[in-house]
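S.K.: Below are the chains, spelled out letter by letter.
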Amino acid sequence: MAFTYSGRHHVHPIADAMALELEQLVVNYPGSPEPALDHVSLKIASGLRVALVGANGSGKSTLLKTVAGLLHPQAGTIRIYGHPVGACHHRVTYLPQRGDVDWRFPVSVKQMVLAGRYVHLGWLRRTGPNDRAMVMQVLERLGLEELAERQISQLSGGQQQRALLARALVQEADLLLLDEPLSAVDAPSRAIIAGVLADLRRENRTALVATHHLDRLDDEFDRVISLENGSLQTDRVIEETGRRLAPAKAPRYDQLATRTI
Amino acid sequence: MINWLLEPFSFTFMRIGLAAAILVSITCAALGSYVVLRRMAFIGDALAHTVLPGLVVAFLNGWNLFGGAIAAGLLTALGIGWVSRRGVVREDTAIGVLFTAMFALGILMMSRMNSFRDLSHILFGNVLGVRLGDLYITAAIAVGVLLTLALLHKELELTSYDPTYAEGIGLRADRLRTLLLILLAFTVVSCIQIVGVVLTSALLVTPAAAAALLTNRLPRMMVLAAIIAISSSIIGLYASYYANVASGAAIVLACTGSFFLAWVFHMLRTRVVRV
Numbered sequence: 001m002a003f004t005y006s007g008r009h010h011v012h013p014i015a016d017a018m019a020l021e022l023e024q025l026v027v028n029y030p031g032s033p034e035p036a037l038d039h040v041s042l043k044i045a046s047g048l049r050v051a052l053v054g055a056n057g058s059g060k061s062t063l064l065k066t067v068a069g070l071l072h073p074q075a076g077t078i079r080i081y082g083h084p085v086g087a088c089h090h091r092v093t094y095l096p097q098r099g100d101v102d103w104r105f106p107v108s109v110k111q112m113v114l115a116g117r118y119v120h121l122g123w124l125r126r127t128g129p130n131d132r133a134m135v136m137q138v139l140e141r142l143g144l145e146e147l148a149e150r151q152i153s154q155l156s157g158g159q160q161q162r163a164l165l166a167r168a169l170v171q172e173a174d175l176l177l178l179d180e181p182l183s184a185v186d187a188p189s190r191a192i193i194a195g196v197l198a199d200l201r202r203e204n205r206t207a208l209v210a211t212h213h214l215d216r217l218d219d220e221f222d223r224v225i226s227l228e229n230g231s232l233q234t235d236r237v238i239e240e241t242g243r244r245l246a247p248a249k250a251p252r253y254d255q256l257a258t259r260t261i
Numbered sequence: 001m002i003n004w005l006l007e008p009f010s011f012t013f014m015r016i017g018l019a020a021a022i023l024v025s026i027t028c029a030a031l032g033s034y035v036v037l038r039r040m041a042f043i044g045d046a047l048a049h050t051v052l053p054g055l056v057v058a059f060l061n062g063w064n065l066f067g068g069a070i071a072a073g074l075l076t077a078l079g080i081g082w083v084s085r086r087g088v089v090r091e092d093t094a095i096g097v098l099f100t101a102m103f104a105l106g107i108l109m110m111s112r113m114n115s116f117r118d119l120s121h122i123l124f125g126n127v128l129g130v131r132l133g134d135l136y137i138t139a140a141i142a143v144g145v146l147l148t149l150a151l152l153h154k155e156l157e158l159t160s161y162d163p164t165y166a167e168g169i170g171l172r173a174d175r176l177r178t179l180l181l182i183l184l185a186f187t188v189v190s191c192i193q194i195v196g197v198v199l200t201s202a203l204l205v206t207p208a209a210a211a212a213l214l215t216n217r218l219p220r221m222m223v224l225a226a227i228i229a230i231s232s233s234i235i236g237l238y239a240s241y242y243a244n245v246a247s248g249a250a251i252v253l254a255c256t257g258s259f260f261l262a263w264v265f266h267m268l269r270t271r272v273v274r275v
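If you're matching them up, the sequences are chains A and B in order. According to UniProt numbering, numbering within the first sequence proceeds without interruption in unit steps and concludes at 261. According to UniProt numbering, numbering within the second sequence proceeds without interruption in unit steps and concludes at 275.
Don't read these hints as lab results, they were simulated from the structure. One or more of the hints may lead you astray.
[What the hints assert, rightly or not] Under 7 Å between C-beta atoms, here's a sample of chain B residues computed to sit facing chain A: (1) 1; (2) 162; (3) 167; (4) 173; (5) 176; (6) 216.
From the three backbone atoms N, C-alpha and C, an ideal C-beta is built for every residue, glycine too.
Chain B on its own, in the form it takes in the complex (with noise of 0.2 Å):
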């Protein structure tokens, strides 16, 4: 038993590729905390999606794809922040416009080139393929991003459920938005090479979805959301190298799994109070 479990990490990119799965699960649980309570679940997705065209751009070129990638995501996040401002088109709707527009533009690109193939773990993501200088970067992102969250704390959860009183004081809700849109393009980016561009938001959202079933408090809900999410990502690496499957895939409907079961657990335990 103890051999079949460690047995998939005498490799070394199985040893990078749980590295990597579990800097990103940290990440995407905190940062999708706020995702799912601020209902900002189209917008990750969207954001997602919006990376592809970056990250053909610098494939082709020969960049840095995480370069290529968090500069259209930072773009996008600017642009949906200068959008919502302007208010002439409903927010939901201009990202709709914009997120397939981009994600056709990314598929219009790609299929010109002759190695079609090569890019499809960008739009499924290839966990098992992460190199160590990607792996370095998951982790300067992970830094990041908690740090910020951690930092601004008590002023991003203020704006999330009464941003009036939070003007009130002088803090700005809007510029806080775009902060947390920027930590969720760096988030996506590093998440992309997990899950892929088509799924990254599963990760957002489907952990803290599951975990605001077990608790409310905010802290408690993101470090609930990280522990599924890296079981998650555990059990779909075991997948993956045994029964040969897409590993993110596999991750992704291990934390739908997790999901069902916090929902079950949640509708005992209010059946149980109710009686």
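The following block holds chain A by itself, in its conformation from the complex (with noise of 0.2 Å):
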């Protein structure tokens, strides 16, 4: 018996459900006139990596913190494998950007990846070995099983975020929401950002990734979305040989997304 963090327990997902769809999503800042997210419709089919693109203050991390529940759309509806936002927190997680966190707050790199097991235990339920052990079995995956004692201080920027990415996958999400996983990322980082997304893709998880960098985008996603001034652009499906198609306004390419896949 888990007392959870929300007070609600888990629900399995709705059959043939989309892991993400949005319809004519809002949302305001208080005191600004612009929405920072304007009429936004998506749908995102299970075991898609989607890169979320555009300039600051396109709408990027806005759209994932509201998947993510941090902030409260104004209008529409968010749909999360068919169900409505905070239904089940451990399904979705959301990795914030390196700047959201206090690196220098005296904890290790373990006992931060570690925090990913805490959606499952809930109140006054500590981590145990099974927990200790998939940590490490992450750690490894992402070359930082040497560092786990490491306050998270002293790791550079591509630890970091290698670092909170594990910290993402040590809780076994369905919906992954990133925001800026790849910035102050140095090559090797990357590479490795990449494996693991490549790995959840064969998992069947899904994937939404903020991005600045676009470059290989082609490689790495199977979609790529692009928001201007908090309205949906372009959106791209990659198809497996990477030949790209011709950019085109959302609707079409939305229904031709989910009916590849």
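Can you join these two chains into the complex? Each is in its own frame, and there are hints to help.
M.R.: Shown next as structure tokens:
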């Protein structure tokens, strides 16, 4: 018996539901005249790696935060595996931007990654040997096993991003919302992260990744969505061969995306 | 030498004072670690000061001083939480305005009384004036605060360094912060009898800040801070007994000395690593 943080218990995904479905989503920040997200509709099928691109302030982070339940939409609906936001916290994980974390806090890499298990434990229950074994396994996969006992401030930018990704993986979520996981990342870290994204795809997990790094999008993602001023700009599906499809407006390619997979 | 060490504690008031100082040291060290890491030192200081009118009102009406102080402290803790959620005025500004006003109100009420001196121990603490009843309340506060910190350790730790991820898994970072403020209110009240309103934040901040220089794990930091605070309390008690100086001030200066030692140690160690 667990006392979950949200007070709600695990629910099963609705059969054949999209991993994520947004309908006419509107998000306003208090005091700002322009909406941060302006009637965004989107369908993402399970098992896709989706890149979310756009300039600063285009709404990438807002979209991820709203799906993660950190911001509340003014209008529209969000369905995650057929359920509303917050129906099942363990199924969705949010990887915050590196700047949201206080890296000087006295906590080890291992301890930080262990936090990915908390949503399964809930109040009062401690992490056990199984949780720790799982953390070590994921740290190994991300090439961080030798840094497990380091304090988090002693990591490089790329290592910090990998530690955040390790925590997201340890949560065993089905929908991963990664906010700028490639910022301040060196080439080896980027290769490791790309490998993890490919693994996720094989496990039929879904990743929505906000990124500024526009090179190699075609190799590392299955679909690229661009935002501008809070609206969906282009939505491009990348075929297995890596051949580009001509950019087009959102709705048509949306349907295409769900059909091709 | 043994006689010299044992002699002060042949008196009951010294033994009660020692017990109270040790309990408060442990509570302050554990909670103070969060105060330091979450940069809440200013709030800790403010809470200690805003308790003053509560103490004075309780004193004037012959109520239990603890009751008055805790009421004022909780009111402030919840008020700060409320103000910071509204976001109209910046939090530190709001605290600055409120805490000086509350403190001034307390001083005003004290100045109306005939026996201004009676309350000087509220301002500067008097560990040797702790009564047995006060000791029980201090013990209850220590147990309550430490138990809460232990049971909610993983949640408090996570919301301290990554509130965004914590919110994402359904934790309410703002509620945990309010809980910390409530624990802080209780701790500050038990602290006041040892070092007084004016010096309370020193006992919260200095040992934890010293410990932060010596380790990079939170639980270890709490234990080290407790050791530093307890040693400083004992040194302060001896100083006040043999040198006849104010106990609260002696305890605080012993803490400051420990901080300086920790800082020198930290500098030497990082220099060795760098070479």
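S.K.: State for each hint whether it applies.
M.R.: A quick look at each hint next to the structure:
Given hint, residue 1/B at the interface with chain A, is violated; its Cβ is 38 Å from that chain's nearest Cβ, farther than 7 Å. For residue 162/B, the suggested interface contact is upheld, since its CB lies about 5 Å from the closest CB of chain A, less than 7 Å. At about 5 Å, the closest approach between the beta carbon of residue 167/B and any beta carbon in chain A falls short of 7 Å, and the interface hint on this residue holds. For residue 173/B, the interface hint is violated, the least distance from its beta-carbon to any beta-carbon of chain A being 10 Å, above 7 Å.
At about 11 Å, the closest approach between the beta carbon of residue 176/B and any beta carbon in chain A exceeds 7 Å, and the interface hint on this residue is violated. At its closest, the beta carbon of residue 216/B sits 4 Å from a beta carbon of chain A; the interface hint therefore holds under the 7 Å criterion.
The structure fails hints 1, 4 and 5 (numbered hints given earlier, in ascending order).
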